[in-house]
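All chains should be built: construct the whole structure from the sequences, respecting the hints.
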Amino acid sequence: MVVDQSEFESFGSWFYIYMVDFSMLALFMLVGWAILAFALAAIRNSPIRAAKMIAGTIKRAFMVDFPSTSIRRTMAMSRLAIQEAIRNKVLIIFVLFVALLLFAGWFLDVENDHPARLYLGFVLSASTYLLLALAMFLSAFSLPNDIKNRTIYTITTKPVRAHEIFLGRVFGFAAVGTLLLVLMASVSYGFVIRGLDHEHTIDKTAIEWDESTGLGTGKTSLDGYHRHDFTINEKLKNADGLVGTTELSKGHAHNIYLRDGDYIVEPPTGDLLARVPVYGKLSFLDRYGQPSEEGGLNVGKEWTYRSYIEGNTLSTAIWEFENLTKEMFVTTGSDDGVLPLELNLRVFRSTKGKIESRIHGEILLVNPEETLSSVDRFSAPIPFEADEFVTSQVNIKFSDIRRQNPVTGELQNIDLFKDLVDSGKLQVHIRCKDHAQFFGMARADVYIRAPEGSFEANLIKCYLGIWMQMLLVILLGVFFSTFLNGIVALISSVAIVAMGMFAGFIGDIQTGEAPGGGPIESIVRNITQQGATLELEMGDTAIEVIESLDGFYLNTMESLAKLAPDFSKFNMSAKVAYGYDIHLNLILRQLVTTMVYFFVLVLAGYFILTSREIAA
Amino acid sequence: MSTSAGQKGEVIVETRNLTKTYKDFWGRSKVHALKALDLNVRRGEIFGLLGPNGSGKSTTIKLLLGLLFPTSGEALVFGKDAADVSKNERIGYLPEESYLYKFLNAEETLDFYGRLFNMSGARRKSRIRDLINLIDLDWAKRRQLKEYSKGMTRRIGLAQALINDPELIVLDEPTTGLDPIGTRDMKDLIVRLRDQGKTILMCSHLLADVQDVCDRIAILHQGELKELGAVDSLLSVQDITQIQAKNLTPDTEEAIRKLIAENQGELVSMDHPTTTLEDLFLSIVRDSESRPGFVSHQEDADQQEEPVAAE
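Top line first, the protein sequences correspond to chains A and B.
Residue 1 is where the first sequence starts when you use this note's numbering, and the numbers rise one by one after that.
Residue 1 is where the second sequence starts when you use this note's numbering, and the numbers rise one by one after that.
Bear in mind the hints are in silico, worked out from the structure with no lab data behind them.
All values derive from a computational prediction rather than experimental measurement.
Just so you know, not all the hints are guaranteed correct.
Computed list of chain A residues with no C-beta within reach of chain B, every gap over 10 Å [stated by the list, open to error]: (1) D229; (2) A495; (3) T533; (4) V600.
Below, in silico cross-link-like pairs of lysine to aspartate or glutamate (EDC-like), each with a Cα-Cα straight-line distance of 16 Å or less [what the hints assert, rightly or not]: (5) K148(A) x E96(B); (6) K219(A) x E247(A); (7) K125(B) x D111(B); (8) K141(B) x E108(B); (9) K146(B) x E107(B); (10) K59(A) x D84(B); (11) K80(B) x D65(A); (12) K281(A) x E9(A); (13) K59(A) x D81(B); (14) K425(A) x E320(A); (15) K35(B) x E74(B); (16) K52(A) x D84(B); (17) K204(A) x D260(A); (18) K52(A) x E74(B); (19) K23(B) x E613(A); (20) K425(A) x E327(A); (21) K150(B) x D179(B); (22) K204(A) x D229(A); (23) K148(A) x E97(B); (24) K52(A) x D81(B); (25) K425(A) x E370(A).
Covered stretches of chain B, going by a simulated chain A footprint (3 or more residues, C-beta under 8 Å) [to be verified]: (26) 90-96; (27) 107-116.
For glycine and all other residues, C-beta sits at the position ideal for the given N, C-alpha and C.
So, in structure tokens, the structure goes:
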């Protein structure tokens, strides 16, 4: 799973940068509004009267209107919005959603290797898009309809403040959206659980027993378009009757119990997870074992998210983890513990070799204190084999961590926390052992797995992200509807949401990180059949003209995209689908972003509503 | 009709040189809707804005309510600028059409507007009950407004304007869409409200309505104030004396004619007075309600009694 680099920032540093950016943005908007309002008022009146009007509006806002905000009035407006939405039959969206789930079997690949990912991805995406579309329509048309039907006359002639009209609509539509989201989430949860639920059976007569080891092997029945290999050992039967576990298939396994002489395969485990990864900082050593400023190698892939290390050299990827404590890994009542590492390494083969064989690597646990001798710093290598596209679990038992005695050459046990962890820090070095093969990795590809979180809680966090997206869309829709008619307000909301979703891409094009240039350069490349990664072959003047035009367009787009909330940061469905816990840090950022847009848009909506003639 | 309150009371509504010019996007004048209007409406009077369509009546009301902004001049209500929302606490407004939410029923409508005045639940409940009784819609209070006739909608519109027991009631064409009974009820209610001490500002192009209820009127035409004053004094024709008497014989009538001629007077008309159509209609309807099945033969009576022509 791809993790955005910004996720590694602490909340404090993110908050500081964000608030500086936001303050600049808010100042820019305030000054922009004042200039625009003054210009418009001055055209219609005299400049002196225009200045008085603006000063009067600002004074009235902060001295009278905001302090006299009434919850009862705001809630009355919300209630009206809810009644309006419900009588406009918005709950039909829920019916549509249920219909989608009922017929999901027609278009979902039921034989997919990761059904949990597929089902979760589907229900979360469907919920998001349906809800956002509904939020856009509700919010963009409500106020313009009131103005068009003049029902607003009976509102604005009551002691209702402009921001109460704005907030009432936002809260009302948010309440309707919340109800829908809760309904969708409940049905989705049932759909996923039911979709993943299946039972296997074991035919006792088909088990192959190894007389020497006492192990029985075989395959389960075919259910849910798959079957599992299993190995059972009746000698290890515990009080519950557990005799073994199946191999992983379609992202899950089953425990096998022996009860009353029958082998019972329990429901699936491991497909709905909330792994809590503890990420480290990634750095690289080059093939000579020297620190590499440029990171790892580029094996020629356009996507530079991952860097590579060369096999059978000193090329090393180093993750440094912080704030580790023994309690994180030692289970209660046991002196021993396990360092659970998970690896999502990519493999790049420069020679074909045995295509089915795995690539070998080694892990070294290293004390980050560089003043120590290398003998004292490094553990003995721990070998592993990398599986492409599969998460490899490497559980290193504390008792298996060893170091070579420099005198005797024998391996001796060492204590992870006494000998290798320094002030809570530990380095994990990974090397590729096979000649002419490469491991590819990004910072998020290797992590220590902390105790598991709750899948349900993780799902709720994901829905919270969707809810915040919905709130932002409602805010934008109501904001645009304060000065635009319904259809234009809707289009503007769609444009801002799209811009917010593709803000990163627009930024990449603008900085040149995404190859191919701007729209004009792309068209030229298409017509002249020139690849995106090659230098554009044209006359200097032509290139200059193209780049200038593209530059103007891209700068404008990037500025606009910065104004829009980055919706991609709110989409956490991939984390839930891939079974990763959503860190509280992310939720906090989303909350801050939403609150900031909330206050800015309510303020802007207030000033626009009070500055416009409702009956004009 | 009372004029004393209108002349002496506290000024509730005031316009000073109030001007509204509709402009296009580039600031070019399109329509001069209101030109330098100076008005005072005092506590306890019924003030009528009269004028043909497009004379500036509704524009004046919208400016006073803050629905439009003046191009120049000032509009003050209770001494506050019209843009100040807090003035609305003391105002009730019935727009020209009852712009209400059709998906609400009468109770929900009044409850909603009551909430906008920050009224407590108990007060809302009692006020809703009183107003529904006042407008005689108890039988239809649970029906959505989309099922209401125009007259019923108008009545619920009036009720919403009264929900806060306002000091100033602004009525834009209050009798539009009402049948004659509804019109009379509305006019009676307006007078009753005035008698309770409310100030009423209404605009209408129906002269009879204005004449019936207003203490003072302003006549607007093409955005300009053409006439302003008490209705009685404006309608009074000082050089004509009207005499009405009952049961005169033709001889007596002849004697009166002679007396007028002897005193150098000019007899303009001597006739049996006619009632207004509104009064006749109401009389018939009320009579019919009290005596079901009774048919009046007014036409036969008219044929038997020839009118006395004026000389």
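These are the hints, each one checked on the structure:
1. The Cβ of D229(A) lies farther than 10 Å from every Cβ of chain B, with a closest approach of about 62 Å, so its non-interface assignment holds.
2. Residue placement check: A495(A) keeps its beta carbon more than 10 Å from all beta carbons of chain B (closest about 23 Å).
3. In this structure T533(A) is separated from chain B by more than 10 Å, as the shortest Cβ-Cβ distance comes to about 48 Å.
4. Separation of V600(A) from chain B is adequate, the least Cβ-Cβ distance of about 22 Å exceeding the 10 Å criterion.
5. Distance restraint check for K148(A) and E96(B): the Cα-Cα separation of roughly 15 Å lies within the 16 Å cut-off, and the hinted pair is therefore satisfied.
6. Of the supplied pair hints, the one linking K219(A) and E247(A) holds, its CA atoms being roughly 10 Å apart against a limit of 16 Å.
7. Between K125(B) and D111(B) the alpha-carbon distance is near 8 Å, which keeps this suggested pair within the 16 Å criterion.
8. Under the criterion of a C-alpha separation no larger than 16 Å, the hint pairing K141(B) with E108(B) is consistent with the structure, at around 9 Å.
9. A C-alpha spacing of about 14 Å is found between K146(B) and E107(B), which places the hinted pair at or below 16 Å, so the restraint holds.
10. For the given pair, K59(A) sits about 11 Å from D84(B) by alpha-carbon distance, which is consistent with the 16 Å threshold.
11. Restraint check for K80(B) and D65(A): the C-alpha separation of about 14 Å stays at or below 16 Å, so the hint holds.
12. At most 16 Å may separate the alpha-carbon atoms for a hinted pair to count; K281(A) and E9(A) meet this at roughly 11 Å.
13. Taken as a hint, the K59(A) and D81(B) pair is honoured in the structure, with Cα atoms around 14 Å apart against an allowance of 16 Å.
14. The hinted pair formed by K425(A) and E320(A) meets the criterion: a straight-line CA distance of about 7 Å does not exceed 16 Å.
15. With a C-alpha separation of about 12 Å, the suggested pairing of K35(B) with E74(B) holds against the 16 Å cut-off.
16. In summary, the hint linking K52(A) to D84(B) is supported, as the alpha carbons are separated by about 15 Å, within the 16 Å threshold.
17. For the hint linking K204(A) to D260(A), the alpha-carbon distance of about 13 Å falls within 16 Å, and the restraint holds.
18. For the suggested pair K52(A) and E74(B), the alpha carbons sit about 13 Å apart, so the restraint of at most 16 Å is met.
19. For the hint pairing K23(B) with E613(A), the CA-to-CA distance comes to about 12 Å; that is within 16 Å, so the pair holds.
20. Using a Cα cut-off of 16 Å, the hinted pair K425(A) and E327(A) holds, with the two alpha carbons roughly 14 Å apart.
21. A distance of roughly 10 Å separates the Cα atoms of K150(B) and D179(B); the hinted pair therefore holds under the 16 Å criterion.
22. A C-alpha spacing of about 14 Å is found between K204(A) and D229(A), which places the hinted pair at or below 16 Å, so the restraint holds.
23. Annotation: proposed proximity of K148(A) to E97(B) holds, straight-line Cα distance about 13 Å (limit 16 Å).
24. A threshold of 16 Å between alpha carbons decides the hint, and for K52(A) with D81(B) the separation of about 13 Å falls inside it, so the pair holds.
25. At most 16 Å may separate the alpha-carbon atoms for a hinted pair to count; K425(A) and E370(A) meet this at roughly 12 Å.
26. Interface restraint, the segment 90-96 of chain B with chain A: holds (3 residues with C-beta to C-beta distance below 8 Å; minimum three).
27. Three residues within the 8 Å Cβ limit are the bar, and the segment 107-116 of chain B against chain A gives 5, so the coverage statement holds.
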